[in-house]
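Got chain A; can you put chain B on it based on the hints?
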Amino acid sequence: MAIVGTSVHRNDAWAKARGAAKFTGDIRLPGMVEVAVVRSPHARARILEIDTSRASQINGVLGVFTARDIPGKNLVPLVFQDMPALAMDEVRYHGEAVALVVGDTREAAWAGARAVDVKYRVMDAILDPIKALDKDADKLHGNDNVFRRWTVKKGNVDKALQNAHLVVKGTYHTPYQEHLYLEPQSMVAWWSDEGYIEVHGSMQCPFYVRDAVAAVLGLDLSSVHVIQATTGGGFGGKEDVPSTIAAHAALASFLTGRPARLVLSRDEDILVTSKRHPAVIEYESGFDEQGRLLGVKARYVMDAGAYATLSPIVLWRGTMHAAGPYRVEHVDIEALAVATNKVPCGAYRGFGEPQIHFAFESQMDIAADKLGIDPIEMRLKNALEPGDTTATGQVLKKDVGLVQALNAVREASSWDSRFETPGRKQGTVRRGLGVSAVYYGVGLGAAGQALDRAGAFVQVMYDGSAVFAVGTVEMGQGMVSQLSQVIAQELGVSIERVRALPPDTNLLPDSGPTVASRTTVMSGNAVLNACARIKQQLLEATAGILNEPVDALTIEPGRVTGKNGAATLDEVLHRCFLERRDLASTGWFKSPETTWDEKKGQGSPYMTFAWAANVVEVEVDTETGVVTPIEIWAAHDVGKAINPAQVRGQIIGGSLQGLGYGLMEEIIHKDGLMQNNRLSQYIVPTIGDAPKINAIIIETGFEHGPYGAKGFGEQPLIGIAPALANAVYNATGKRVKTLPITPERLFAALHDDKTVD
Amino acid sequence: MKITFKLNGRDEEWEVEPGANLLDVLRENGHTEVKRGCDTGDCGACTVLVDGVPRSSCTMMAGQAQGREITTIAGLGDALDPHPLQQAWVEVGAVQCGFCTPGMILSAKALLDEAPMPTEDQIKDALSGNLCRCTGYVKPIEAIKLTATRLNNDKGVTDA
Chain A
1 MAIVGTSVHR
11 NDAWAKARGA
21 AKFTGDIRLP
31 GMVEVAVVRS
41 PHARARILEI
51 DTSRASQING
61 VLGVFTARDI
71 PGKNLVPLVF
81 QDMPALAMDE
91 VRYHGEAVAL
101 VVGDTREAAW
111 AGARAVDVKY
121 RVMDAILDPI
131 KALDKDADKL
141 HGNDNVFRRW
151 TVKKGNVDKA
161 LQNAHLVVKG
171 TYHTPYQEHL
181 YLEPQSMVAW
191 WSDEGYIEVH
201 GSMQCPFYVR
211 DAVAAVLGLD
221 LSSVHVIQAT
231 TGGGFGGKED
241 VPSTIAAHAA
251 LASFLTGRPA
261 RLVLSRDEDI
271 LVTSKRHPAV
281 IEYESGFDEQ
291 GRLLGVKARY
301 VMDAGAYATL
311 SPIVLWRGTM
321 HAAGPYRVEH
331 VDIEALAVAT
341 NKVPCGAYRG
351 FGEPQIHFAF
361 ESQMDIAADK
371 LGIDPIEMRL
381 KNALEPGDTT
391 ATGQVLKKDV
401 GLVQALNAVR
411 EASSWDSRFE
421 TPGRKQGTVR
431 RGLGVSAVYY
441 GVGLGAAGQA
451 LDRAGAFVQV
461 MYDGSAVFAV
471 GTVEMGQGMV
481 SQLSQVIAQE
491 LGVSIERVRA
501 LPPDTNLLPD
511 SGPTVASRTT
521 VMSGNAVLNA
531 CARIKQQLLE
541 ATAGILNEPV
551 DALTIEPGRV
561 TGKNGAATLD
571 EVLHRCFLER
581 RDLASTGWFK
591 SPETTWDEKK
601 GQGSPYMTFA
611 WAANVVEVEV
621 DTETGVVTPI
631 EIWAAHDVGK
641 AINPAQVRGQ
651 IIGGSLQGLG
661 YGLMEEIIHK
671 DGLMQNNRLS
681 QYIVPTIGDA
691 PKINAIIIET
701 GFEHGPYGAK
711 GFGEQPLIGI
721 APALANAVYN
731 ATGKRVKTLP
741 ITPERLFAAL
751 HDDKTVD
Chain B
1 MKITFKLNGR
11 DEEWEVEPGA
21 NLLDVLRENG
31 HTEVKRGCDT
41 GDCGACTVLV
51 DGVPRSSCTM
61 MAGQAQGREI
71 TTIAGLGDAL
81 DPHPLQQAWV
91 EVGAVQCGFC
101 TPGMILSAKA
111 LLDEAPMPTE
121 DQIKDALSGN
131 LCRCTGYVKP
141 IEAIKLTATR
151 LNNDKGVTDA
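In the order they appear, the protein sequences are chains A and B.
Residue 624 in the working numbering sits at position 624 of the first sequence; the count goes up by one each step and never skips.
Residue 3 in the working numbering sits at position 3 of the second sequence; the count goes up by one each step and never skips.
If we strip away everything but chain A, and leave its shape as in the complex, we get:
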């Protein structure tokens, strides 16, 4: 029986369902102290003086530390080397870390943090990314406030737009989105006088954390031992931010000699951790009379916040996808990540794609409406198919499931019998259907190629159990189960007896970050690579038992079969023991080559793409502007579903995050100060907001994927907001180009024609 392709239960589910799983905040070490962080109350200010005398006298406070106490570099290394671990002379956003207070209890640490007197001279803050691009704007970064600029160029877009039958122009605004993983950022660090530090924490990228701790403490990478703890959700929010949290905890431990724990409060977590970038996006899309996409011109401006962090590569991914999953010959995309005095934005599920997909899928819908073409037909006419060339010049292979996905949601939602032309609906409460087509480049791609490798370790014990470890992490997405399935499938061991060890930077090679929906392909292949060597040992031992050649043998669950007989796994393992065979192996995988020519704005940026189509049905109350999502149909080409139940879990969960993005989630600033960093004010979907979500799996088989699988975990979020906006248009005849579609915003659109298309 095949184990890959079946919905086995998660290995970690039992411990989590009993509350037995140990998250970072649950770790308690002898002599452990707590850390609190003094944070800037201003968007931008010069630090004139930090007076720690009052804080130091508080009962239970063991130390107050500032940038001057950092033994190594005051730096959190990422794409650029621009972000300090603790602000030195100037604070650049509301919530930036200024000092650390260590207390013997959380209360003492927090009381100390409140008692640190920082004198600031408030400066004029730059808050609007568009104004930040003005020639005479004050400069936060370089000579133009642009962290990074990327372009995609192909053909002659101006000519194509001139000759087009229809040109659709639109400007779109998208909001911040907060990850709101249920477990706040947390880290425990333990300095040993023997000269090394151990760090346990909630994270997606143990190797980023290692690099950051080594930088601030001035240690060798080998002296920083990072072990990931059970992690309660990430969604990108635990990609780069844990590096800073770990740097703070490590400093506290190093400077006090005690194990130190830093767990952010929820208010603090929302205030200071990265978010999805707000964006302003302008599009011009040209079509012929039949609805064929002729040219796309776009300008994508991201509000990156105070430091570059991951913005250059978030922007790169958005730029690569900005022409949509369509055949188009003439393209001119310009994208900029701009510095402002607000929270540094970074990775969030979709990584620069949800913003532009909202824009171009709205554009497609507007065009379909103007040309009188059914919105799904419109997308099918233009959808990329096997053998097609993308806007960046990448030639697609066989695994392009967009047409299948569109047809699947069309059928499942009974689209053809239920879709009505927009604007014809009557009554106060109206229903509408909307569609979106999206794609997602799997892995880090050409911009991150050097990091796109992964290591694994697998060992089979003589009793038939097995352990493994990889350099990427489980954060809830289901990696451990999928990799256990791979090991059970390859080596015949029982899935219940495969145990995952936590990622450990000293024992595993740098496997890059757990991001970019890369884990199934990268760690899956690394595990396969390790299994191949162990498999060879098992087969050679069996050949001796059955007197058959190795190539006549097949590993099945619990046994190895030949042409004339079979040996149980126990027999084979016993033979391996007697023959002194090595049943432990490392494994390694590096991604297939990808390319990007920055000068030309062309290349083959990704090893492959995942594809998806979504239909959203809504009910709109035209008197109040309230949008109630009724049902979602989401079809995703995942190459091959190693664990279909978990694939559906990703589709459903991601879809609801996408619905939150489209309907309700936003961060509000006033004069550069965040106003709603509380869970009672930053609203995410509850169970009451969750519609029925139908997950549909399409399998096209990726040539380099384990069993044909490709990564897709981010994709479910991306296409929901555009399908939702298109459904609202279908119900009301009003086009909302600013997310989220709150009742206030839709009410304004319904009652003020100036705000609509």
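Errors might be hidden in some of the hints.
[Claimed, not checked] Here are a few chain A residues that face chain B, going by a calculated C-beta distance under 8 angstroms:
hint : residue
1    : A17
2    : L180
3    : E268
4    : E593
5    : Q646
6    : I652
7    : R678
[As the list claims (entries may be wrong)] Here are some chain B residues pointing at chain A (derived, C-beta under 7 angstroms):
hint : residue
8    : W14
9    : T32
10   : C38
11   : T40
12   : C43
13   : A45
14   : A74
15   : Q86
16   : W89
17   : G93
18   : V95
19   : F99
20   : P102
21   : Q122
22   : K124
If you are wondering where the hints come from, they were derived from the structure by calculation, not from laboratory data.
From the three backbone atoms N, C-alpha and C, an ideal C-beta is built for every residue, glycine too.
Chain B only, in chain A's frame:
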């Protein structure tokens, strides 16, 4: 001050600070199965049952446990004898990151005690205080329905 209460079926007598909240006291005493997600009563990760009623332990004073029966997820079932809700949560794939799971299961337990065969609206009502960012809530709802059916079948009540 001293409080006496029942915790997961056992009599306890604890010395607590008068101003301490129940979540802190539980976690300091090793009950880290009760999770801290927000400290403001908004996320539901710290849900415990107080005399069978789900409450956010972060917004309760420890003193309010005096004379009450407190149930955490550890009191519902263990590895050898899991509660049917825990069983269903694992089976249908309602666990992802797992941080909200203990609180959700406890809210579901209180619901099934009140309404053995709940409607979807009753389920949504009962879990409206438990945020989950991973699952989209679809699988937890499925797990509750599955448990209800199983428990009622065990009692000889047929699934309408």
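Status of each hint after checking the structure:
Hint status for A:A17 relative to chain B: holds, with the closest Cβ pair at about 4 angstroms, below 8 angstroms. A hinted interface residue such as A:L180 counts as satisfied when its beta carbon comes closer than 8 angstroms to some beta carbon of chain B; here the least separation is about 5 angstroms, so the hint holds. Look at A:E268: its Cβ only gets to about 10 angstroms from chain B, farther than 8 angstroms, so that hint breaks. The restraint placing A:E593 at the interface with chain B is violated, with a minimum CB-CB distance near 33 angstroms, outside the 8 angstroms limit.
Of the supplied interface hints, the one on A:Q646 holds, with its beta-carbon coming within about 6 angstroms of a beta-carbon of chain B, less than 8 angstroms. Taking 8 angstroms as the C-beta cut-off, the interface hint given for A:I652 holds, the closest approach to chain B being about 4 angstroms. The restraint placing A:R678 at the interface with chain B holds, with a minimum CB-CB distance near 7 angstroms, inside the 8 angstroms limit. Violation of the interface hint for B:W14 is found here, the shortest Cβ-Cβ separation to chain A being roughly 17 angstroms, above the 7 angstroms cut-off.
Among the interface hints, the one on B:T32 holds; its C-beta lies about 4 angstroms from the nearest C-beta in chain A, closer than the 7 angstroms criterion. Using the Cβ-Cβ criterion of 7 angstroms, the hint placing B:C38 at the interface with chain A is satisfied: the shortest such distance is roughly 4 angstroms. With a cut of 7 angstroms, the hint placing B:T40 at the interface with chain A holds, because the nearest CB-to-CB distance is about 6 angstroms. Hint on B:C43 holds. Least Cβ distance to chain A is approximately 6 angstroms, under the 7 angstroms limit.
Because the beta carbon of B:A45 sits about 6 angstroms from the nearest beta carbon in chain A, less than 7 angstroms, this interface hint is met. Among the interface hints, the one on B:A74 holds; its C-beta lies about 6 angstroms from the nearest C-beta in chain A, closer than the 7 angstroms criterion. Nearest Cβ of chain A to the Cβ of B:Q86: about 4 angstroms, under the 7 angstroms cut. The hint holds. Given the 7 angstroms rule on beta carbons, the hint for B:W89 holds: about 5 angstroms separates it from the nearest Cβ of chain A.
With a least beta-carbon distance of about 4 angstroms to chain A, the hint placing B:G93 at the interface is held under the 7 angstroms criterion. Against a cut-off of 7 angstroms between C-beta atoms, the interface hint on B:V95 holds, since the closest Cβ of chain A lies about 4 angstroms away. The beta carbon of B:F99 comes within 3 angstroms of a beta carbon in chain A, closer than 7 angstroms, and the hint placing it at the interface holds. Evaluation of the B:P102 hint against chain A yields a held restraint, the C-beta minimum of about 4 angstroms falling below 7 angstroms.
Because the closest C-beta pair between B:Q122 and chain A is about 11 angstroms apart, greater than 7 angstroms, the hint is violated. This hint holds: B:K124 has a C-beta 5 angstroms from the nearest C-beta of chain A, less than the 7 angstroms allowed.
Of the numbered hints listed earlier, those contradicted by the structure are 3, 4, 8, 21.
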